[in-house]
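Given only the sequences and the hints, what does the whole structure look like? Please build it.
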Amino acid sequence: MLGFGALAFLNPWLLAGLAALPVLWFLLRAIPPGPKREAFPGVRLLLGLKDPEVTPERTPWWLLLLRMAAIAAAIAAFAEPVLNPRQPMTGSEPALIVLDGGWASAPDWADRQVRARELLAQAARARRPVALVVLAEEPPADPVLDLRPAADWQGLLDTLTPRPWAPHRATWAEWLEDAAPSVESWWLSDGLAHDANGVFAQALAARGPATRIGPVELAMALRPARLEGGVLATEALRAAPDLPRDLQIVAIGTDPAGTERRLAVLPAAFADQETEATVALDLPLELRNRVSRIGIASQPSAGAVTLTDSALKRRKVGLLSSAEPQEGADLVSPLHFLRQALEPSAEVIEAPLEDMLKASPDVLVLADIGTFSADTRGALERWVQEGGLLVRFAGPRMARAAGVISDDPLLPVRLRAGGRTVGGALSWGAPRTLRAYPDHSPFVGLPVPDEVTVTRQVMAQPDPELPDRTLAALEDGTSLVTAADLGDGRVVLFHVTANAEWSSLPLSGLFVQMLERLAISARSGALTAEDLAGSVWTPVLALDGFGRPVDVTDLPGVPGERLAEGRPGADAPPGLYRSANRLVAINLTTPQTVLAPAAAPPPGMALEALGVTTETALKQWVLVLALLLLGVDLLATLWLGGRLRLNGVRTRAAGRVAGRVAGSLLALGLALAAGPSWAQQGLAETPQVDEEWALLATSDTVLAYVVTGDAQVDRISAAGLSGLSRMLSARTAIEPGEPMAVNIETDELAFFPMLYWPISEGQRSPSDAAIAKLNAYLRTGGMIVFDTRDANLGAGFGTGTPNGKVLQRIAARLDIPPLEPLPEDHVLTRTFYLLQIFPGRHVGGELWVEAAQDAREVEGLPFRNLNDGVTPVVIGSNDWAAAWALDPSGRPMFPVGRTLGGDRQREMAWRFGINLVMHVMTGNYKSDQVHVPALLERLGQ
Amino acid sequence: MSTSRSPEWLRRDAEKITGSLPPLMAEADRLAHTVVAGVHGRRRAGPGEAFWQYRHAVPGDTAERIDWRQSARSDALYIREMEWESAQSVQIWVDNALSLDYRSETAPRSKSDRAALLALALSVLLVRGGERVGLLGTSLTQPRVGETQLTRLALELCRVQESRPDYGAPPDEPMVRGGRAVFLSDFMGPRDDVFPALIRAAEAGVSGAYVMILDPAEEHFPFDGRMIFESMGKLVDFETQRAKALAEAYRERLFERQQALSDMARRTGWQSLVHRTSESPRKALLWLYAAIGGLR
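Protein chains in written order, with my numbering: chain G, 33 to 973; chain P, 1336 to 1631.
Read the hints as simulated data drawn from the structure, not as lab findings. Ideal placement from N, C-alpha and C gives every residue a C-beta, glycine not left out. Be aware that one or more of the hints could be misleading.
Derived CB-CB ranges, DEER-like [as the list claims (entries may be wrong)]:
#: 1; chain 1: G; residue 1: Asp742; chain 2: P; residue 2: Pro1443; range: 46 to 54 Å
#: 2; chain 1: P; residue 1: Asp1559; chain 2: G; residue 2: Ala48; range: 39 to 47 Å
#: 3; chain 1: G; residue 1: Gly49; chain 2: P; residue 2: Asp1559; range: 32 to 40 Å
Structure follows, in structure tokens:
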């Protein structure tokens, strides 16, 4: 191997071929390119002429240079140049490649894989057996180093990913003592101390020559987040003060639509010489509760991501009691102790029950509420079924109400009326204390204090399900706390009051812990071993080494004791774990975590940095260069010989063509390069345009017409609706904005009360999507006015005229109810004006509307009681838009009728238009008016 | 290189069927019209021109030719046609050699295209004037009158010919004594082939004009470097190490050839013209028309 700085040749002796270049120079010089051939009629006149000067023809110098360069490149290529060559492996011992493979290796994992691949390649070149171990895995049972040819490890290396925990260096150091005889080792270290760093380095150094390959930048970590006065706080950690100062902290969570996105991005910076940087994320409560994890943006590792659990969520708790306390009597207020217990850790709201339900609280606490109105009960039940947690406390009112409702879904158990009193003045026995919690209870692990005594309680009816529903009981077996699931939610009943009247429970610390266990209030402080003990926790979310959430379906449950160790491993990866209602986050870091750089290597261990340079073989590139040069030479030689003509096309023309092609290629390239940004602009703009359009359509009442594609018809529609809008503004309370054109294929229809749809012959049938949209529009109260504009000259609409046929074609696919010719007493005849004819530019065409369902004659009334609501379609043929149309100066655009009769006809057309819009806007209001006499009579007037 | 007229040429069969003029005919017709318009006024004013007939104007007639006085009397447009005193016989030789297919990069047309155009345009002029026209070296040697003859001429000029010579010489065919002749060629052939034929024509009692059609590249010789020149049929070639050095000698020889041609013309009572394909064909046509017409 021969090296020139960063470049080296693996077969340097081939470079001797370069010495032959001068010989080639002379050879090439002697062979000039062939003469140019030209067909030329004047050749006869040339015959016999002598060349005045004869210069020996030589190859042009630049062509010579080109050829020499091509050959030199070929020689250099076969000498196998390598950029940034590594020292070759010289030893003969087996090679041992050690990867830390823990979370701290994740940020530069790709570099590590590349380096390990290089090591494998070098070992393969040196034909040395290789063993590859990953310290994050547990060492194998038998202490034998798994030596294999380097190629065997390649596949394993490709699939290897960093683990979301620290490497087990101490365990491996012990294992190495027994396993390895003498090896040369390369250790791709993450550069952090973790546990027992020195031990492993010494173990390696003792086995033979060793190299530690450290990262350029040490990984950073994030401590678990905590709540400090309503602010999410965490610390970013770095191992050494010389690491980058500026970070970005990202809070990730789900948006209301359920998709995960960045909820907040916050810059953070380390102070000089500090290894900790405190970050405070001040977010609104709604947003903060959605944060599911916090990470450092530039550090894709499990250590730099911290998960949040219920400890960081403040729940919205609604409190309600029946009795309003008198002023100053706080301590007897049923809610006093609840407030005290919840306010530090939850968002407490107090309001009437209906209002609170609208605020969608997580938990509702009802103290001594016995009965509800039917509406409230229904709303409450729905709320619980949708996932709410209803906690009720007993009290005199509940005791009185108990038994009235036999099976109340808002109580977990059936209650006996009256309750009981123990240990009071008029009863036997002493106040009762608690007994140990049943196994299924969420309170398991909490203390059973003696000082909690109960003097009164409401009693549950004996029931086979009662033991299952009891979460805490008194020593005589009667229930103290019961709970039952209702839909997705849960109902919990404390059989005592929320104040200290019936028991001393609210006075004890147990009360707060119970509320916490019931996930009513957020946990305060760290998770303790006893919190976790005794239950199996199912992972709901686990992190991989890169700090990304991974699938948890195949992960087994983890006993609480294992989680309490606070040391994530293969059997308990960092993630979110659930048991009953509780959710805990197991993070890699603890509030005490400090990152330390690895200790200095023992003597005899070399140090190397990762990923500064990579070994790159240049052979193929240099060969390609040589080929390209030869190609250019070929073209140049042809050109010199005048043979570079494409298919008889003269070179100039070819040049023009080439120029044009190059130009269009350039344009294409530019377009491609610019394409994505255009596309993005397009994406960004489209919704905005829609929004503007929607604003325009909704800021006023707007009449709309369907675009037919016939410019003249559309113009008349626009002018007609504009004229009608003007008349409406002048005469009625409806003041519409400028009419809008609606394309039924693309535009949203829901904004418009009424669509005017003139039929023209050239109209295309709407697409299926448009039909579906139109049907939805009709179903949800829209009205379409079809106008065939042909005075219905044929017999019966839909058959006689071309426009009628078009209408039939379109309407056949629409969801149109049975129709009838407008009856005399239809509400459309009197919504504003009293009308019996509905002329447009034509008079006399029939008007069809939805047929009356179940029309009844009512005694003594002029009108039948027709169908409720608005007719979804009005079909006519009088060309109303043309009659309504006004030009910008307010003059009619089209002649209607003859002389004064025409003015009358136009007036009637407008009146019909006004009635139509009134009908859409007010529905059957005028129909109801006909009951007024009857109502007045009933009122005794 | 017989396909240099091919784009138009492909339509030949279709046009034959419909009986319309080939594009060459149309172009020649157009060209002829411009000349007639230019010469017409003078002819009309002169004596000896007698009224011949009125005929209906047809598409293609220029507005100037319409006799408004006559046309005003009825709904149709009329053209007043004059009678020419007597008909001349004009025989045209269009060189069909391969050397005329040459077209350099800057030239708009090949020499043979130009020759065919000039021949047909002249024929149009002459036939319109009632002269008899024939094509030497083809089946139409015998001069005839009439539009049919024009169509036949056009078809003949457009015909693809097999086995053409490298360089051409006027054919040794019987010519109409006392008639006129026009030779359209580049006269690049061997001196011994070309000039005896010219003398033969003069001896046959025919007078007329030579038109030497040259490509601009043939006149300027814009070549340089090591080159092999070939004749169009690749029968003759010539190699040079540095073409530029020969330019002067070449131009001299070309001038000699032109000089020899005009000497020949002077001696035989003919006229000669050097026409370059980069020039307007109208110029050559005017000259030709004057030369042939001047002989009357």
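Results for each hint:
1. Taking 46 to 54 Å as the suggested C-beta distance range, the pair Asp742(G) and Pro1443(P) conforms, at roughly 51 Å.
2. A hinted range of 39 to 47 Å for the beta carbons of Asp1559(P) and Ala48(G) is consistent with their spacing of about 43 Å.
3. Separated by about 39 Å at the C-beta atoms, Gly49(G) and Asp1559(P) satisfy the suggested range of 32 to 40 Å.
In the structure shown, no violation is registered for any of the earlier numbered hints.
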